[in-house]
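Participant: Listed below, chain by chain, are the residues.
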Amino acid sequence: MLSVPIVWTLARKILLHDRIKFSVAAAGVSISVMLVLVQIGLFLGFMQNASNLIDHATADVWVTGEGSENFDFSAPIDDRSFYKVASTPGVAHAERMLLAFGQFRLADGGTQGVQVVGLEPGGRLLRPWHVVDGDPRRIHEPGGIVVDVSEAAKLKVDKVGERREIFGARAEVVALTKGIRSFTTSPFVWADLDSARAYALYPADRFNYVMVEAAPGVDREALARRLSELPGLDAYTGPTMSARARDYWSSRTGVGAGFFTTAALGVIVGLVVVGQILYNGTLEHLKEYGTLKAMGARNSAILRVIVYQALISAVVGMVLGGGLALASKAAMAGANLNVLLTQNLVITTAVLTAVMCCLASLLSVIKVLRLDPASVFKG
Amino acid sequence: MNQPAPIATLSGVTKIYGSGETQVNALEDADLSVYPGEILLIEGPSGSGKTTLISILGLLLRPTRGDVFVRGERVTALPQRALPPIRAGTFGFIFQGFNLFPALTAEENVAIAIKMKDPRARNANAEARRLLASVGLENRMHHKPGDLSGGQKQRVAIARALGGNPPMIIGDEPTAALDTKTALGVMALLRELATVQGRAVVVVTHDPRLAKFADRVARVEDGRVVAVEKIEHPQAA
Numbered sequence: 001m002l003s004v005p006i007v008w009t010l011a012r013k014i015l016l017h018d019r020i021k022f023s024v025a026a027a028g029v030s031i032s033v034m035l036v037l038v039q040i041g042l043f044l045g046f047m048q049n050a051s052n053l054i055d056h057a058t059a060d061v062w063v064t065g066e067g068s069e070n071f072d073f074s075a076p077i078d079d080r081s082f083y084k085v086a087s088t089p090g091v092a093h094a095e096r097m098l099l100a101f102g103q104f105r106l107a108d109g110g111t112q113g114v115q116v117v118g119l120e121p122g123g124r125l126l127r128p129w130h131v132v133d134g135d136p137r138r139i140h141e142p143g144g145i146v147v148d149v150s151e152a153a154k155l156k157v158d159k160v161g162e163r164r165e166i167f168g169a170r171a172e173v174v175a176l177t178k179g180i181r182s183f184t185t186s187p188f189v190w191a192d193l194d195s196a197r198a199y200a201l202y203p204a205d206r207f208n209y210v211m212v213e214a215a216p217g218v219d220r221e222a223l224a225r226r227l228s229e230l231p232g233l234d235a236y237t238g239p240t241m242s243a244r245a246r247d248y249w250s251s252r253t254g255v256g257a258g259f260f261t262t263a264a265l266g267v268i269v270g271l272v273v274v275g276q277i278l279y280n281g282t283l284e285h286l287k288e289y290g291t292l293k294a295m296g297a298r299n300s301a302i303l304r305v306i307v308y309q310a311l312i313s314a315v316v317g318m319v320l321g322g323g324l325a326l327a328s329k330a331a332m333a334g335a336n337l338n339v340l341l342t343q344n345l346v347i348t349t350a351v352l353t354a355v356m357c358c359l360a361s362l363l364s365v366i367k368v369l370r371l372d373p374a375s376v377f378k379g
Numbered sequence: 001m002n003q004p005a006p007i008a009t010l011s012g013v014t015k016i017y018g019s020g021e022t023q024v025n026a027l028e029d030a031d032l033s034v035y036p037g038e039i040l041l042i043e044g045p046s047g048s049g050k051t052t053l054i055s056i057l058g059l060l061l062r063p064t065r066g067d068v069f070v071r072g073e074r075v076t077a078l079p080q081r082a083l084p085p086i087r088a089g090t091f092g093f094i095f096q097g098f099n100l101f102p103a104l105t106a107e108e109n110v111a112i113a114i115k116m117k118d119p120r121a122r123n124a125n126a127e128a129r130r131l132l133a134s135v136g137l138e139n140r141m142h143h144k145p146g147d148l149s150g151g152q153k154q155r156v157a158i159a160r161a162l163g164g165n166p167p168m169i170i171g172d173e174p175t176a177a178l179d180t181k182t183a184l185g186v187m188a189l190l191r192e193l194a195t196v197q198g199r200a201v202v203v204v205t206h207d208p209r210l211a212k213f214a215d216r217v218a219r220v221e222d223g224r225v226v227a228v229e230k231i232e233h234p235q236a237a
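Going line by line, the protein sequences match chains A and B.
Residue numbers in the first sequence follow our numbering, run continuously in steps of one, and reach 379 at the last position.
Residue numbers in the second sequence follow our numbering, run continuously in steps of one, and reach 237 at the last position.
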């Protein structure tokens, strides 16, 4: 077997000999990598937003109105349902929660749609997190609200103590969080359950979720099934509820298809560009490869040169494309867009890029496999 | 004086391309042996079958009929996959167009070929430098082909062909792209390989001036080896 340094040297020198062509290949792979990372990262960021309330809650089971498909637009339920849930065997603790839309009156007189999150006084299953200023416990004071600093541009609120109205009801900012965004792009406004009802124009005994803490030793799936048997209610474990929230937006609205189509286009761009460059390079060096074959070099040795060239393109493209994706992430953060570059995404994209580049080298590989060593004497 | 055993022999070799009305008999019933220490020129007009002859001789093509022997072994009986190692161990090739990797230095071009031919070869770079020095390129080892003259490129190609120490060199018009002085220099080098190192050298050429370097000249016409003429070596005279 030909040693790695020899093949590496040959592959690298042939590939880098024409810097312009290599730059085009590297640019193609880089753009491909960036498109994949940014598109999937944006998608993951949106999906994280779609389920972040659920993911940050410690509830074992979520109960909602029967037939509710979308976490952000759930059907209302009433206090009788809450008491039935709370008294179901296996339920150790239950809290009501309201998630509904309201109209936030801006300082300049305009309005901004918001998603009001109403929490029970003394509740412990869900609280605002990443608090950067103020005291979030004060939301249980009449009119106390918590908003996110990243939504300051929309709400025109950037400090504790500012007073506004939501659907005519008084609200005072008592704390600020950082980085808690909704999928719907309407800013979250955290409030006490009673205040939230006023902000969302909900009747006094209505809300739309019961967060449940299971008693020790109780199977959560079984508890969810038991709670789903209550009239007019559906219940899901926390992970299931989180997946449903994300799946609704990704698969039921075409959002996922849009992001993945663009990512797939990125892969196709990379395939075509790298394939073209490698194939042209192989054609240009066909006589040399043929000479080596004529002299007794095995196909495997030459194929390794081509595959190494593909992998070099992949590594350079991954590094440059990763850098571009990080730059895009920073730029998009300024526009309140969360590009979530997870370790899994980066590793998967790296593997995908390597596979893409190797696939792109297939034409070259076929050309070399079919190369007749006697062709070296032709012209 | 005993004739040494031939390195390669064609025995009744015929090569037919195509079939029916498009059939072409590129080579017919060719008999030819190549011996160590000799330069054998292959002459003939274009399309006469010279390239087919050296392709079969160098195990790059299989004959339609007839046998090829390499160092006494009937290689036409062997499967295709057995041929590359025999080629690597027996033949070095040089070409009219040099066929060097433009991205590699002279040393790298030769070293890569040595490694490609024999992955177990150690000190390929040292061997490449030795071979380049043997063809008078000790001062051009780190130059790329683009920085070398035609004659120097062909010398690199010759050094590459010598990688792995093959007993036989096959050249396809190796002087055609060179000026007269350089061409004669390259032929003198090949002559030296034959005389001093005992290698067999087979050269396809259209150039009658090269005959003075040859021990024998085989004339190919219409796919047939019509004559093999022995030439008195100038130094032997």
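These are calculated hints, taken from the structure and not from any lab test.
Heads up, some of the hints might be wrong.
Stated by the list, open to error - Here are the simulated lysine to aspartate or glutamate pairs, DMTMM-like style, with alpha carbons at most 25 Å apart: (1) A:Lys287 to B:Glu173; (2) A:Lys287 to B:Asp207; (3) A:Lys287 to B:Asp31; (4) A:Lys13 to B:Glu232; (5) A:Lys84 to A:Asp72; (6) A:Lys21 to B:Asp147; (7) A:Lys287 to B:Asp118; (8) A:Lys178 to A:Glu120; (9) A:Lys367 to B:Glu138; (10) A:Lys287 to B:Asp179; (11) A:Lys13 to B:Glu127; (12) B:Lys181 to B:Asp118; (13) B:Lys212 to B:Glu21.
What the hints assert, rightly or not - Computed spacing ranges between beta-carbons, pair by pair: (14) B:Arg120 to A:Phe260: 58 to 64 Å; (15) A:Thr261 to B:Ala177: 27 to 33 Å; (16) B:Gly20 to A:Ile347: 56 to 62 Å; (17) B:Gly198 to A:Lys367: 35 to 41 Å; (18) B:Pro119 to A:Trp129: 25 to 31 Å.
None of the values given here were measured: they were computed from a predicted structure.
Backbone N, C-alpha and C fix where the C-beta goes; we use that ideal spot for every residue, glycine too.
Participant: For each hint, tell me whether it holds in the structure or not.
Facilitator: Hint check:
Only pairs whose Cα atoms come within 25 Å are accepted, and Lys287 (chain A) paired with Glu173 (chain B) is accepted, the gap being roughly 16 Å. A distance of roughly 24 Å separates the Cα atoms of Lys287 (chain A) and Asp207 (chain B); the hinted pair therefore holds under the 25 Å criterion. Under the criterion of a C-alpha separation no larger than 25 Å, the hint pairing Lys287 (chain A) with Asp31 (chain B) is inconsistent with the structure, at around 29 Å. The hinted pair formed by Lys13 (chain A) and Glu232 (chain B) fails the criterion: a straight-line CA distance of about 47 Å is larger than 25 Å.
At most 25 Å may separate the alpha-carbon atoms for a hinted pair to count; Lys84 (chain A) and Asp72 (chain A) meet this at roughly 23 Å. A distance of roughly 21 Å separates the Cα atoms of Lys21 (chain A) and Asp147 (chain B); the hinted pair therefore holds under the 25 Å criterion. Between Lys287 (chain A) and Asp118 (chain B) the alpha-carbon distance is near 20 Å, which keeps this suggested pair within the 25 Å criterion. Taken as a hint, the Lys178 (chain A) and Glu120 (chain A) pair is honoured in the structure, with Cα atoms around 22 Å apart against an allowance of 25 Å.
Our distance criterion of 25 Å between C-alpha atoms is broken by Lys367 (chain A) and Glu138 (chain B), whose separation comes to about 36 Å. This hinted pair checks out: Lys287 (chain A) and Asp179 (chain B) have alpha carbons roughly 23 Å apart, not beyond 25 Å. For the given pair, Lys13 (chain A) sits about 21 Å from Glu127 (chain B) by alpha-carbon distance, which is consistent with the 25 Å threshold. For the suggested pair Lys181 (chain B) and Asp118 (chain B), the alpha carbons sit about 34 Å apart, so the restraint of at most 25 Å is broken.
With a C-alpha separation of about 42 Å, the suggested pairing of Lys212 (chain B) with Glu21 (chain B) is violated against the 25 Å cut-off. For the pair Arg120 (chain B) and Phe260 (chain A), the supplied restraint of 58 to 64 Å is violated, since their beta-carbon distance comes to about 48 Å. Between Thr261 (chain A) and Ala177 (chain B) the Cβ separation comes to about 53 Å, which falls outside the hinted range of 27 to 33 Å. Remark: the range hint 56 to 62 Å for Gly20 (chain B) to Ile347 (chain A) is upheld by a beta-carbon distance near 58 Å.
Separated by about 38 Å at the C-beta atoms, Gly198 (chain B) and Lys367 (chain A) satisfy the suggested range of 35 to 41 Å. The hinted window of 25 to 31 Å between Pro119 (chain B) and Trp129 (chain A) is violated, with their beta carbons roughly 60 Å apart.
Consistency note: the structure conflicts with the earlier hints numbered 3, 4, 9, 12, 13, 14, 15 and 18.
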